[in-house]
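Read off the chains here:
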Amino acid sequence: MRKKTVLITSTILIMILCFTSSVNAYTFTGQRWPKVIGSTYTIYVKYATSNANYRAAFDSAVSDWNNAQDKIQFSLSSLHVSTLSTVGVQNVDDPSLFGSCTWHWVPGTNTISYFQAVLNTYNSDIVNKTKTRRSTAGHELGHALGLGHVDPPYNAIMNSSRNRETLYTPQKDDIDGVKALYAL
Amino acid sequence: MIKRDGFRIILFTLLCFGALSIGLIFLLKENPAPVSYEVNYSPDYAVSGDIRGLVASSDYVVSGHYEKFIENWDMGEQYMSEVYSFIVDESFLGDVNGTIHVAVPHYVLLEREVDGETYQAKLNLPNYSKPDFEKPYVLFLKKAQTKDVFGPASVPFQVEITTSDHVALKANTANLEQTITTKKKDTIHFYSEQIELASIDRITGLTKAKLFEEVKEQVALKQR
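Just so you know, the protein sequences line up as chains A and B, in that order. Residues in the first sequence are numbered from 1 upward in steps of one, following the working numbering. Residues in the second sequence are numbered from 1001 upward in steps of one, following the working numbering.
Certain hints may be false.
Footprint (simulated), chain B over chain A, 3 or more residues, beta carbon under 8 Å [stated by the list, open to error]:
| # | region |
| --- | --- |
| 1 | 74-87 |
| 2 | 90-96 |
| 3 | 135-142 |
| 4 | 174-182 |
Among chain A residues calculated to face chain B with C-beta under 10 Å, some are [to be verified]:
| # | residue |
| --- | --- |
| 5 | A56 |
| 6 | N120 |
| 7 | S160 |
| 8 | S161 |
| 9 | N163 |
Pairs of lysine to aspartate or glutamate, DMTMM-like flavour, derived with a Cα cap of 20 Å [as the list claims (entries may be wrong)]:
| # | chain 1 | residue 1 | chain 2 | residue 2 |
| --- | --- | --- | --- | --- |
| 10 | B | K1122 | B | E1193 |
| 11 | B | K1222 | A | D59 |
| 12 | A | K129 | B | D1059 |
| 13 | B | K1222 | A | D70 |
| 14 | B | K1222 | B | E1090 |
Derived from the structure by calculation, the hints contain no laboratory data. For every residue, glycine included, the Cβ atom is placed at its ideal position computed from N, Cα and C.
Put together the whole structure using the sequences plus the hints.
Right, here's the structure in full:
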């Protein structure tokens, strides 16, 4: 009788664990910043645009990522003149393109050396919608951190099918991804 | 006498080692090990693989067929497209009829500077699929801002009607990466991220009738 009870209880517990444990959707680009164990890594970034709206979008996205975790932080300022990492704009007349991120690695390693994240100013939603700008800036900075794209239907800023007007800050899955990539 | 010979042998050996080391250092300086540079390009598009999402992104949805190639067009910053004329048979969303011009984004030119030289690679864009003039298409479009052409509303944006029993979403599958060798024999590996069509495609395999029915249904919902 006791054995039976233990067996049933264990089965129920295992089932509860299976159904409640969250499934991670995040992916990695395969590259990361050279964070040292036990310390916070800072990525120095400068503006490559003078437009206040686009600067504000990246300011918000930087705050969103910095407030979401303390493993790795962006420091965005026009005073960081020597850094090669920039945030700015591109002018590409493809209406489906919101922005892009290009990153370069240290030769022979998987260490990111610098990146360029841009918003596409020929996309009318980027021009007219504050939250879409913030969402796109956050997505591009996610790539800069080392996160890859996430397939739908997951709630993640790294999901390209997201509604950019309602999902404009890093979500749990995105934050878990960064914490996993820079675990120590 | 023996002691002096021994000293000479040691001295000679040391001199040989010294000369060898200097030679090696010189050789390594002249011919350093090749370095591999990496450049990764990741664009953020409106992505959808179902009719609801494609209609939601679009200002215009039309069916018809491509007529002919018109020109290559730089959409800005070395992001190249091919412009085709397209004869509209039916307009589901937006006020368009007759012949329109449609830009199909083709490739982006990526650059990396190494030792003062700029190296370039042409990588295909996710929406590139060369139109088949013999087949009808349903296109999901928006207007470009700087030219009187229509561009993609989403990735993908073309549904090819292969037969009346089968339609297929079209996206790029070729020329995703390139490796270029520099003058100093270093390599630069350029990579452009594409769309995992298989994981989002809810359209390929539908019949033409079902495709048209669902497009009309979603357009009606959008216009409510």
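Cross-check of the supplied hints:
no. : hint               : result
1   : 74-87              : violated (count 0)
2   : 90-96              : holds (count 7)
3   : 135-142            : holds (count 3)
4   : 174-182            : violated (count 0)
5   : A56                : violated (18 Å)
6   : N120               : holds (9 Å)
7   : S160               : holds (4 Å)
8   : S161               : holds (5 Å)
9   : N163               : holds (9 Å)
10  : K1122/B to E1193/B : holds (13 Å)
11  : K1222/B to D59/A   : violated (34 Å)
12  : K129/A to D1059/B  : holds (17 Å)
13  : K1222/B to D70/A   : violated (42 Å)
14  : K1222/B to E1090/B : holds (18 Å)
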